[in-house]
Structure formats: C-alpha cells, structure tokens
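S.K.: Under full-length UniProt numbering, the first residue of the sequence shown is numbered 1, with each subsequent residue one higher.
Treat the hints loosely; a few may be bogus.
To be verified - Computed list of lysine-lysine pairs in DSS-like fashion (alpha-carbon distance at most 27 Å, straight line):
{"id": "1", "residue 1": "K126", "residue 2": "K106"}
{"id": "2", "residue 1": "K139", "residue 2": "K54"}
{"id": "3", "residue 1": "K109", "residue 2": "K293"}
{"id": "4", "residue 1": "K293", "residue 2": "K252"}
{"id": "5", "residue 1": "K169", "residue 2": "K293"}
{"id": "6", "residue 1": "K109", "residue 2": "K182"}
To be verified - Cβ pair distances, simulated, as ranges:
{"id": "7", "residue 1": "G316", "residue 2": "P445", "range": "38 to 48 Å"}
{"id": "8", "residue 1": "K145", "residue 2": "D103", "range": "23 to 33 Å"}
{"id": "9", "residue 1": "K269", "residue 2": "Y87", "range": "28 to 38 Å"}
{"id": "10", "residue 1": "R162", "residue 2": "R257", "range": "16 to 26 Å"}
{"id": "11", "residue 1": "T348", "residue 2": "L42", "range": "40 to 50 Å"}
{"id": "12", "residue 1": "T447", "residue 2": "K63", "range": "55 to 65 Å"}
{"id": "13", "residue 1": "R274", "residue 2": "P66", "range": "25 to 35 Å"}
{"id": "14", "residue 1": "N249", "residue 2": "Q310", "range": "48 to 58 Å"}
{"id": "15", "residue 1": "D260", "residue 2": "V343", "range": "53 to 63 Å"}
{"id": "16", "residue 1": "L225", "residue 2": "P81", "range": "37 to 47 Å"}
{"id": "17", "residue 1": "P66", "residue 2": "E253", "range": "20 to 30 Å"}
{"id": "18", "residue 1": "P445", "residue 2": "R68", "range": "47 to 57 Å"}
{"id": "19", "residue 1": "L42", "residue 2": "Q346", "range": "36 to 46 Å"}
{"id": "20", "residue 1": "P81", "residue 2": "T348", "range": "47 to 57 Å"}
These aren't lab readings, by the way, just hints derived from the structure by calculation.
We put the beta carbon where it would ideally sit given N, CA and C, even for glycine.
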Amino acid sequence: MFLHVYNLVRFFHINEYVLIKRENPIYITHIAQEEEADNEPLKNIPEQYHPFAKVFGEEEFNKLPPHRAYDIEIELTEEGPLNSPLYSMTDAESVTLKQWLEDELKAGKIRPSKSPISSPVMFVPKKDGSRRLVVDYRKLNARSKKNVYPLPRPDDLMSKLRGAKIFTKLDLRWGYNNVRVKEGDEWKTAFRTKYGLFETLVMPFGLAGAPGAFQAMMNEVFQDLLDVTVIIYLDDILIFSQNSADHKNHVKEVLQRLQDMQLFCKGSKCEFHRTTVEYLGIVVLDKGFSLDKLKIQAVQEWPTPTTVKQVQLFLGFANFVCCFVANFSQIARPLHNLVKKEVKWQWTDKEEGAFRELQKAIVNAPVIVHADPSKPYFLETDASGAALGSVLSQRQEDGRLHPIGYLSESFKGAEQNYDTHNKELLAIIRSFEHWRIYLEGTILPITVFTDHCNLEYWKES
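Build the full structure now, drawing on both the sequences and the hints.
M.R.: Structure (structure tokens):
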C-alpha cells in the first residue's frame with residue numbers, strides 16, 4: 001500500500017525546492033549544514049529519558065564513529081582508471097565548498113588523499129531551497145559489487161502498526177555517516193575538488209551500497225524489536241505501543257541500544273509520546289493513515305501544467321498517493337496519454353477535467369484504516385474499458401465500511417482486448433493478488449461486490 005512512500009518524500013522535497021527557488025533565489029547560494037548544533041539538546045526530551053543524554057549530546061555526537069562489524073566495504077569489479085573532470089561552480093558555491101571541506105576535516109570525517117581514482121563533487125537541492133554538497137559516485141558505482149541487502153517494504157512496515165495508540169519518532173543524526181568505511185577502502189571514496197583531493201572515513205551519500213549497508217546495521221541492532229515495538233526504514237525510527245506505560249519502556253530500550261552503539265539523535269527533531277506522527281511522508285494515526293496537510297495543500301495549489309514536463313511532475317507526485325484515491329488510473333488516463341512520446345501536446349477540456357478531478361480526489365482523500373484480521377473483509381471491484389479498480393474495506397465501530405486501500409491499474413497488452421466479463425474477473429484476481437498479505441489465510445468469509453451480470457455470463461459460457 002505504501003510501496004513508494006519514501007520516494008514520495010524525496011519527490012516532494014524536490015518540487016518544494018523548485019517553488020522556493022523561484023521566490024527566494026538567495027537560498028541557491030546557501031549549502032545546508034547537515035547537522036546544526038542544538039543549543040539546548042535536552043530541551044524537547046522528556047525528563048525520564050535524560051539518563052540517555054549522550055544520545056542527544058553535542059560533545060559525543062561530534063566524535064568520529066567507531067569501526068564496527070557493519071563498516072561498508074567497496075569491492076571493485078574491474079581495474080582501470082576511474083576519474084571524472086571537475087564540475088564548474090559559482091563563486092558562492094566555491095566559498096561554501098571551501099568552508100565545508102574545513103568543517104569536515106576538523107570533524108575527522110574526511111582527510112587528504114593520494115588515491116589513483118576520484119569522483120567529482122556537485123550540489124543538489126534540499127527541501128528548504130538550500131543546496132547539499134554530494135559526490136558524484138556514478139562511475140564508481142558502475143564498477144562496484146552491488147549490495148543486495150533488501151530495504152523493507154513501507155507498506156509492510158505500516159501494517160505492523162495496527163493496534164498502536166502512542167508513537168515516538170527518532171531523528172538519527174549523520175545518517176549514513178554513522179557507518180565507517182572499512183579500513184583500507186577509504187581510497188576508493190576519494191573525491192576531487194578545486195581545493196584538492198580528499199577521501200572519506202565515513203560512509204557518504206551516493207554510494208550504491210550505502211542504503212543496504214545502513215539498513216543491515218539497523219536491522220542487526222534492533223533485530224528482536226523489529227515489528228514488535230519498532231519499525232525502521234534506513235535512519236527513520238518509529239517506536240509504537242498500545243499504552244503509555246509500555247511505551248516509556250519501549251523508548252528506553254531503543255535509546256539504550258543507540259547509546260551502546262554510539263548512534264545519536266537530534267533532539268529538536270524527535271517527537272515523543274504522540275498519538276499522531278508523520279512517518280515516511282504519511283500521517284500515522286491510531287485508527288489508520290492519512291495524507292499530510294502540507295502535501296494536500298501543495299496539490300490543491302498546484303498550477304495548471306503547461307508543458308509535458310510539468311504534467312510528469314504532477315503525475316510523479318500523484319502516483320505515490322494513488323492508494324488513497326479510488327479509480328486513480330481511470331481518472332489520470334488522459335494525463336498519462338499526454339506524456340507519451342508519440343502524442344503531440346494538446347491541453348483540452350479532457351486533460352483539464354482529469355487534472356482537476358485528480359486534484360479533488362487527493363485533497364479529499366479518506367483516512368485509510370488498519371486491516372484487522374479479526375474482522376471480515378469486503379472487496380469491491382470494477383473494470384472499465386481501459387482500467388480496473390477496487391477497494392478493500394472492513395466495517396468499523398460506526399457500522400460503515402471504511403477503506404483499507406485502493407487498487408487501480410490500466411489494462412496492458414492483450415488485456416485491453418478482453419471481453420467485459422473477463423476484465424471483471426481479472427479485476428477480482430488482481431485484487432486478491434494485491435492484498436494477499438491480508439486475505440490469504442483469513443478464516444472469515446470475504447465478500448466481493450462486482451458486476452455479477454458479467455460474471456454470470458462468464459459462468460454460463
């Protein structure tokens with residue numbers, strides 16, 4: 001259900017940057033400081049967690065992380081030159097680059113290098129309109145052995161929150177930089193700048209194996225707590241409990257492990273003992289999930305697209321919230337057709353209507369409830385000429401059916417030529433496949449609402 005949520009966050013930040021860039025061009029020359037100091041690190045921390053002050057302290061945080069069993073190893077698949085030319089920079093970027101190098105050298109995260117290979121640095125936008133300096137490791141990644149350690153499916157993570165009523169979200173500082181580069185592999189991370197050649201001692205952003213290496217460390221540290229009292233997607237930690245008394249103990253257990261592993265949090269960005277919290281771009285409630293108000297506002301104020309690129313940007317955001325929208329594929333079809341290579345740009349009433357209808361559907365998106373295996377499921381399916389759609393629901397305390405999620409897919413290839421009754425049957429099959437983790441193994445009957453006339457024809461034929 002939330003398979004693409006993490007990408008949604010990243011996309012939304014990029015789009016946010018585009019809007020801010022137009023209104024505040026001064027931000028373009030400012031590179032975000034990855035970890036600005038908390039002047040009062042314990043200010044937002046409940047008193048019962050003050051014994052874990054080291055987790056939020058500035059002094060401990062500024063130390064170089066220790067070598068661990070989780071250090072990232074970079075295995076090259078072939079020998080040979082691996083260098084790229086420097087990218088051009090503005091005067092303002094050069095000034096900030098120089099300051100960044102001084103700060104990283106002082107922190108001990110980088111050091112001068114004599115490596116025979118190197119990658120160039122560049123700037124990418126952040127959500128506040130500032131710019132983050134990153135290393136372009138694409139050539140290195142192409143010659144490195146891939147880390148196939150899996151990242152968890154966000155929809156699977158979210159399904160573990162059923163029954164939880166209180167949440168704490170921890171913001172892990174340094175992100176990937178909490179992992180050291182394996183001793184002896186530092187030279188492979190070398191990056192070139194106009195001020196010299198350097199290499200990093202901590203895992204940088206941009207390495208192909210970084211996400212897997214980081215997730216492996218977090219899973220190992222919290223293995224027995226995963227899906228029980230905590231879910232983790234990379235550096236996003238969410239602790240959940242059914243009551244306040246248990247929750248305090250759950251939070252203490254997580255903080256103790258972070259302290260033992262010398263992993264640190266930014267207190268000003270942590271949220272404790274909340275009944276509602278945003279996680280991976282989705283608002284988590286005790287009864288289910290909803291869209292964040294800022295994202296709804298962004299869609300509501302989205303200007304009418306005037307180019308193919310602008311339509312692609314809008315669809316890129318909308319696709320990530322399609323699980324909140326009934327008949328998404330059918331509604332968005334005119335917009336998807338417009339971005340096809342062979343289609344000439346033409347914004348007519350049909351495209352305008354689809355754009356406005358999709359805006360309205362996202363703005364009015366319902367709360368998606370948690371699936372409850374103790375209750376029967378209701379599946380409503382439909383199939384049109386071009387797409388199939390369905391909604392999985394359960395009856396709640398108010399006696400009404402509430403959605404667990406929506407499914408919407410366009411028919412592809414030969415499916416487009418199916419008879420109506422076959423399309424209706426395919427909609428049922430796809431729905432059972434999509435929601436298999438809920439429907440398979442249930443001991444209660446599943447009620448399916450569909451166009452029975454078409455299916456009766458299929459049975460008779």
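S.K.: Tell me, in ascending order, the numbers of any earlier hints that this structure violates.
M.R.: Hints 2, 3, 4, 11, 19 contradicted; others consistent.
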